[in-house]
Amino acid sequence: MSITHQKRELSEYWLSAQAAVGAYVTGMVLNFNDAEDVLQSVAAAVIAKFDTYDPSRPFVAWALGIARYEVLQYFRKLGSDPHIFSSEAQESIARAYEELEPQIDRYRIALSRCMGKLSSRARNVLEWRYLHDVKTGRIAARLGTTPAAVSAMLFRIRKALRDCIEKQILAGEVD
Amino acid sequence: MQALLDKYLDGTLTREEARLVDAWIRESEANARVCAQVFLQHYLTREYMVGTSINRLLMESEHDPAATHGGDEAAEDGSALLAEVLELEFAARQARQRQVELRPKQVTSVDTLGRLDLLCPQDEPVVPVRHIVIPRWTLYLSIGALAALLLLLVSSHGTGHLQQAPVQQPTPPTQTPVRTPVAYLGHVTGGRVNAASASGKGDPLHAGQMVELDGGLAEIIFERQARLIVQGPARLIVRSDNAIELLAGRIVASCPSTAHEFTVQVDSMRVIDLGTEFGVAFADPEGILVQVYDGTVEVDSRSSADSANDEPVPTRSLHAGEAAWIDESGNYRPVPFNELAFVRVREFEAYLQAKAGSAYHQWLAQSHRLRRDHHVLLYYTFDQSEDARYVRNLAATGSAMDGIVDGAEQVSGRFAESTALQFGQTGSTVRFSVPNKLEAVTIGGWFRLDDVPYLIGQIVASEDWYRPGALHWNIYQDGSLGLEKSMGVNGSGKHNQRLTASFPFEHYAGKWVHLVGVCDTRRGIVQLYIDGQLAAERELLDTSPIQLDQTLLGNWYGETLPRQFVGRIDELVIFDRALTAGEIADLVADQWVFPSSP
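As you go down the protein sequences, you meet chains A and B in turn. Converting from the first sequence to our numbering requires adding 2 to each position, the first position being numbered 1. Converting from the second sequence to our numbering requires adding 46 to each position, the first position being numbered 1.
These aren't lab readings, by the way, just hints derived from the structure by calculation. Quick caveat: nothing in here was measured; it's all calculated off a predicted structure. A hint or two may mislead.
Here are the simulated lysine to aspartate or glutamate pairs, EDC-like style, with alpha carbons at most 16 Å apart [said to hold, decoys possible]: (1) A:169 - B:313; (2) A:169 - B:374; (3) B:557 - B:496; (4) B:483 - B:566; (5) A:119 - A:107; (6) A:119 - A:165.
Turn these sequences into a full structure, and let the hints guide you.
Spelled out as structure tokens, the structure:
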């Protein structure tokens, strides 16, 4: 296999698995900046170890195995383990992504459409939380409300997005 | 559980909640899948936000004359581009690892865009961004990888700058949440609350805390002073100091001005207070029943992402005296207002006072129970009303059995807080109709006899006494109490059967006495009770149905002799069945039994 072909193959694999791996890492490492660092470490490890990948196994499962290791390394380097999930729960979640992986593109498209339906206020809250990684307390200070109210607002927005995504997928609008 | 997962992602999950979540995930693959979906949405939302932000930067660079444009022909294949991206990532990773070995981990708290600006040396343009021309479709596919690439490349260029930046200690990925109570559990009666550490009066409740009530009633008082009566069995999540999510059961919210916009969320629907007292019941899949007792509420039944949209959209307003079923599709079905659909604050207080032993509240609590009893056809308490010409039927049968007052006056009743009707002026009566044909009937009430000036004083009387099934309940001047059932008229004249019991005037004059008459055609028996005790009983020969029909309370005009009842009546109740001796004794003792949810 030529190097170019291998590169192309790797990129295709990674493109298909990246969101599942990213979701797993972001779900385990709650600070976005740290999660991105860990995701980069996973990507780099995937490239470094790609020669050892057995194509008869699902790529996403292989990459998630690496991601689990990198998450563990991250907490070790941190010197403490505030991570709350047991290894059994982590494994269950990782397995779930193997099933979810074929649907992720549809999720992404649906989410993108649902985002377009949000009001500017809801988008602002999401931007503060997701783009600027501002915690609920600071968002509350900006909005002149309580952290609990911001949490409630975030829950409402997320739930609305969840419902919207589900509705679009069930209706086959993103096939 | 999704709410707890959201809390986890925001770093506000308690250890106890974390254990719950962990156990729940391990419980089944389906649960793990739900968790994975929530994390996926979290990740994709971040990706979307970062992606649109970078897209904005690229758009700006396309309009920048300094940027190089190559057109579509210069576009590269997306996969090959990403392969190079990954390769670059690998190189960057190696370089970065070398840096990590040389310096402690550095974490900045600035946002992604800010970090890009911060990490770029001021004298260097962001070359990788400005000189790559990417076809639009490739951009969307590779946006996440590009973000990572940008971070890495810029990191490798910006090392010197980073080293000059103030060094911060690594930030733990989870925060220690400051947990301020948003509400408190109030009185609980007739049931048990299960809400983590909260179970009794005064226990604090925090945002996100689930409250389960297995039966009875519970009170929740919010920081912003909304007062919630939860009718068990029910389950809800306290969302904030002014909001709940109702998962099951029914609640009544009483909201002072400080709790304006108190919100009850049920699925994607929201009921928002605009200064009022209102009830919400959730019955999946029918939707929610909203009933407004006072003021106005707004019902927002927008579904899906629409509910997160703050743009003006049609909402429903319900005003005092209105009730409706509303589902998630926005279907709105008005229904008759039903006073008994919910336990309101005043009823809840009556139960509490009854527990404390107040005689009036014992009666009041029982009174609420009678209102909810589906065997009660008619129930008058003669409460003070704005229009003294009418007596309101408080039973579930509603206004069809309201009474029309003629000549009787409102006076004080058995308790200082209660009202009775005074009969005495000639012709004073209350007229009502009970058209039902009944196999059995129990008529009871509280009476205070002032005098027996006529041969017969009428308590309750079917107006058409000559019709089979009519009933007359009388006090006789000879010191007896009688209950008669008409068998109609045939060739030999009118026929009726009477049961009498001793009721000496001198003994009962001026005292409140509880009287009950039972007529049971199915068992063939007629009974009279005085103060809860069986005073007389006999066999009923005529077992044809009972039909009170047009009925008078306190008088009857069928004969030339007056039959005016002289005294006060504080309560009248008519059941469509024969009560047992025990039930009648309970009525007298004002024994209240906690109502079950309708």
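How the hints compare with the structure:
The straight-line distance between the Cα atoms of residue 169 of chain A and residue 313 of chain B is roughly 14 Å, inside the 16 Å bound, and the hint therefore holds. Restraint check: the Cα-Cα separation between residue 169 of chain A and residue 374 of chain B comes to about 13 Å, which is no more than 16 Å; the hinted pair holds. With a C-alpha separation of about 8 Å, the suggested pair residue 557 of chain B and residue 496 of chain B falls inside the 16 Å cut-off, and the hint holds. With a C-alpha separation of about 12 Å, the suggested pair residue 483 of chain B and residue 566 of chain B falls inside the 16 Å cut-off, and the hint holds.
Between residue 119 of chain A and residue 107 of chain A, the direct Cα distance comes to roughly 19 Å. Violation of the 16 Å bound is thereby established for this hinted pair. For the proposed pair residue 119 of chain A and residue 165 of chain A, the alpha carbon gap of about 13 Å is at most 16 Å, so the pair holds.
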